[in-house]
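Colleague: For this one, chain V is given, so just place chain C on it according to the hints.
Chains V and C, in that order, give the protein sequences.
Once you know that position 108 of the first sequence is 114 in the numbering used here, the rest is easy, because the numbers rise by one and skip nothing.
Once you know that position 231 of the second sequence is 238 in the numbering used here, the rest is easy, because the numbers rise by one and skip nothing.
Bear in mind the hints are in silico, worked out from the structure with no lab data behind them.
Beta carbons: idealized from backbone N, C-alpha and C, even for Gly.
Hints are not guaranteed to be accurate.
FRET-style restraints, in silico, Cβ to Cβ [to be verified]:
1) V:G13 with C:A188: 49 to 59 Å
2) C:A188 with V:A25: 55 to 65 Å
3) C:W164 with V:R283: 34 to 44 Å
4) V:L85 with C:R93: 47 to 57 Å
5) C:M185 with V:L98: 46 to 56 Å
Computed far set for chain V versus chain C, every beta-carbon distance over 10 Å [claimed, not checked]:
6) G149
7) A171
8) L202
9) Y231
10) I303
11) R318
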Amino acid sequence: MRNLTIGKWLSLASVAAVAIALPYIVPSFFVNMATQMLFLGLFALSINLIAGYAGMVTLGQAGVLGIAGYGIAIAYSRLDFSLGVSALLAILSTIVVAAFFGLLLVRATGVYFLMITLAQGMVVWGVAQRFTVLTGGDNGLRGISRPPFATEYWAYYYFSLLVVAVCVFLIFRIVRSPFGLSLKGIREAETRMPALGYDVRRIKLLAFVVSGTFAGVAGLLLVMYNNFFSPPSVYVKASAEGLLMSILGGVGTITGAFVGSGVFVFVTNYVSGFIERWPTLLGLIFVLTILFAPDGIVGSWQRLVWAPLLRRFGDAEAAELIEIEAGGGGLLTGGEAKGVRPDPETDSVTSVTPESTAERQSRQ
Amino acid sequence: MSSRQFVLLALNGVSFGALLFLLSSGFTLIFGLMRIVNLAHGSFYLIGGYVGLTLIQAGQSFWVAMIGGALAIAGLGFVVERGLLRRVRGRTMPEVLLTVGLSLIFADLALAQFGGDPILLPRPPLFAGTIEFGEVTYPTFRLFVLGLGIVIAALMWLLQSKTRIGAIIRAGVDDREMVAALGINVNAIFTGVFVFGALLAGMTGVIGGVFLSLYPGADAEILNFALVVVILGGLGDLRGAIIGSLLVGLIDAFGRSLTPSLSYFLLFAPMALILIFKPQGLLGRVTESR
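Looking at chain C on its own, in the form it has when it is part of the complex:
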């Protein structure tokens, strides 16, 4: 492998990792606080992408589409949390199975509305070109995704460690009964976190529409990547999501290049190792992953 190819693959891996982080950070945050494994997160991503597509087809810019997709899915997340998940609050298995049922419904409705062909969203003009460093030419859109991933990670870290809301969320992850006993409205915090995770998923869907294209099944595929990310990084941990995303992104990029037919299997290898030797995830705490 030439050094040029190596740099390209590494960039591909890191930028895909950034996309995965945007999705899995919300996923892991929802689990950390609410203990809900939201298996409709992939559907949120895909439908967010389709909302973006609708807006772009209506003549709006990519940026409007991105914000529109994010807001629409935030609204959907609000309805799902308030209307359905609240009914089975605290019962983990019904919660996760409800999201499975929802993902079946969303997948079918999306298929009915947008058809079965893959659709690639156009790049925004600002990031439509390529950039050259030395002998490597690289599309700027992927660098934009990488930058966005870093910005969101930094913002989430600031939010978690420097604000009052973040302190409440951290406290809620550790002991939500105690937080409720202190007079904090945990239900509102739950809804807020769920909506925030949905918002990120919807936004990522529009970006993913440019990055990977939208098609029926993209929901389950991206969800699977997010699952592997949190299995590697540990559930409910922001830093774990960063490390897991980068690992999965890089493994996928190099795997696709080295052995295209078995790249999925390569993804499985580190997961197997983690499960055997450190089942709580690289950074996960024992109480969170059990």
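For reference, chain V alone in the conformation it holds in the complex:
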């Protein structure tokens, strides 16, 4: 067990070392790819935070990201605020809009949640498209610059790395906090949570706002990377791509979001040079992942390699916990989606009540 913990820290350290050394090793093309992987990974992680941990699958997250994107673009290039103030205003407006969207969502579960988020995202897109006075419509908004200390491609990479690392650390703390565990409680047994004294609606609202805030940060990084923002960035396709990254990497895992965004960036930047119909390829990857590897890359790795390894070293309990958690608690492998029809049977077979999760983790 001790060896495995050391191994975990070692792998984390080597990832960090590679990430820091990257601009010295590879040419700018790949550094830019890594930058995209970072902010798209943060975007996917924001989806993962509510989909994988709370079972709230969204198809409108690009709309939330878009509030931050348009927020900073409008504040900076139209209202002439400084970049820092613009970014702050953008995040604040994202929080406000996410709270408003979240209020409409707290009573919805399962596919109904997904449909409403999709409609919300499309409304943001529709306004972006037609309210041309503010958003520039199809032409988008230009003239947003990167921070003065991060204009070079490598400097912007380090800047993104720092911002994303801070966000990942925060999310890591959030999912392990009592709040994060109550999210899992909602995912596993939403009907049981109120009986335990949890205010489910407030937790869901808070989760949606927190997730939206991180999507907003990803949006800021995206906008400053491209120096441009336009309706396709908030379109339902962008939301679906974020969900694709999240599922491909593995719902309910933090590393999965970045593995997913890595594959995505590799396809859009590199494979697209050889295969003209790369969006079809992405769609195929999506379909095949759902059919054959619903736990995603990291989830499958955890289930097939990591859990047996733990078991072999005598920590059967930790192995069991991983098997339950991989794939977002069976978001894509389980029976009927939670909330569409509460199923007392699966509830009692695979559920992790907040107490038991908390207990297990406190014992580790």
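Modeller: Using the frame of chain V, we list chain C on its own:
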């Protein structure tokens, strides 16, 4: 707003509502019976329209195009249901995400085949003109769509309430395990309903090609309208689809005229109200919308 303009906008809204009903009735029927939110429904619509375009370019009439589009998408629906959705039957989230993946594929293939420019299909000669009532001049094609919407709504109501198949479908909406236990082949009914919904979507696509034109992105836009319709009307309910379609059609028509830049946002307002005060939809039952 003059009364003439009011009548025009109301007609626009109601005829657009009829188009939305043609699409969302299949969508809501599929959900009601199978619990599948078919997010590829917009793709079915768009590809149906493109099939119609291909037929018209090959010299066929509008009517052949309409039937061809409907049949082609019915076939596509059959393949999707039998080949893919059946593999994840009963697992709602994989089902809906599969349709998302499919819609990404369909959108890209349609773009590759038919390009990015909007294409307006020609009106059929029979409904190419306009008609005058008093001081209002109105294109007959839109009235045809309105009439078709009413006819299909009536047929679907008859089918649902007066036939054996309809009784089975209604029973399946309420309790499919029980229906299966009675010795009815639920799988065949599922396929039938999915194919029927796809057929309607394909047909609506050809009509929509005349009504709104075909372009990449039309799939997601029309799907969004259908989503708002079922959120307003309640999922899985035919009457809800009628009321929702009319509401959305009218809001869109008046919204576009009053505040073109924010018409999308206007669509959002009733949806927000419904979600706050009656989240199961205007006519939806609690068990269906949760």
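Colleague: Against this structure, judge whether each hint is valid.
Modeller: Do the hints match the structure? See the list:
Separated by about 53 Å at the C-beta atoms, V:G13 and C:A188 satisfy the suggested range of 49 to 59 Å. The supplied range of 55 to 65 Å is met by C:A188 and V:A25, whose beta-carbon atoms lie about 58 Å from each other. C:W164 and V:R283 have their C-beta atoms about 43 Å apart, which keeps the hinted 34 to 44 Å range intact. The hinted range of 47 to 57 Å is satisfied by V:L85 and C:R93, whose Cβ atoms lie roughly 54 Å apart.
Between C:M185 and V:L98 the beta carbon distance is about 53 Å. The supplied range of 46 to 56 Å therefore holds. Non-interface status of V:G149 relative to chain C is upheld: no Cβ of that chain comes within 10 Å, the nearest being about 21 Å off. Every CB of chain C lies more than 10 Å from the CB of V:A171, the least distance being 30 Å, so the non-interface label holds. Listed as outside the interface, V:L202 is consistent with that label: its C-beta sits roughly 20 Å from the nearest C-beta of chain C, beyond the 10 Å cut-off.
No beta-carbon of chain C comes within 10 Å of the beta-carbon of V:Y231; the shortest separation is about 23 Å. Every CB of chain C is more than 10 Å from the CB of V:I303 (nearest about 16 Å), matching its label as outside the interface. The non-interface label for V:R318 is consistent with chain C: the shortest C-beta to C-beta separation is roughly 31 Å, beyond 10 Å.
Checked against the numbered hints given earlier, the structure satisfies every one of them.
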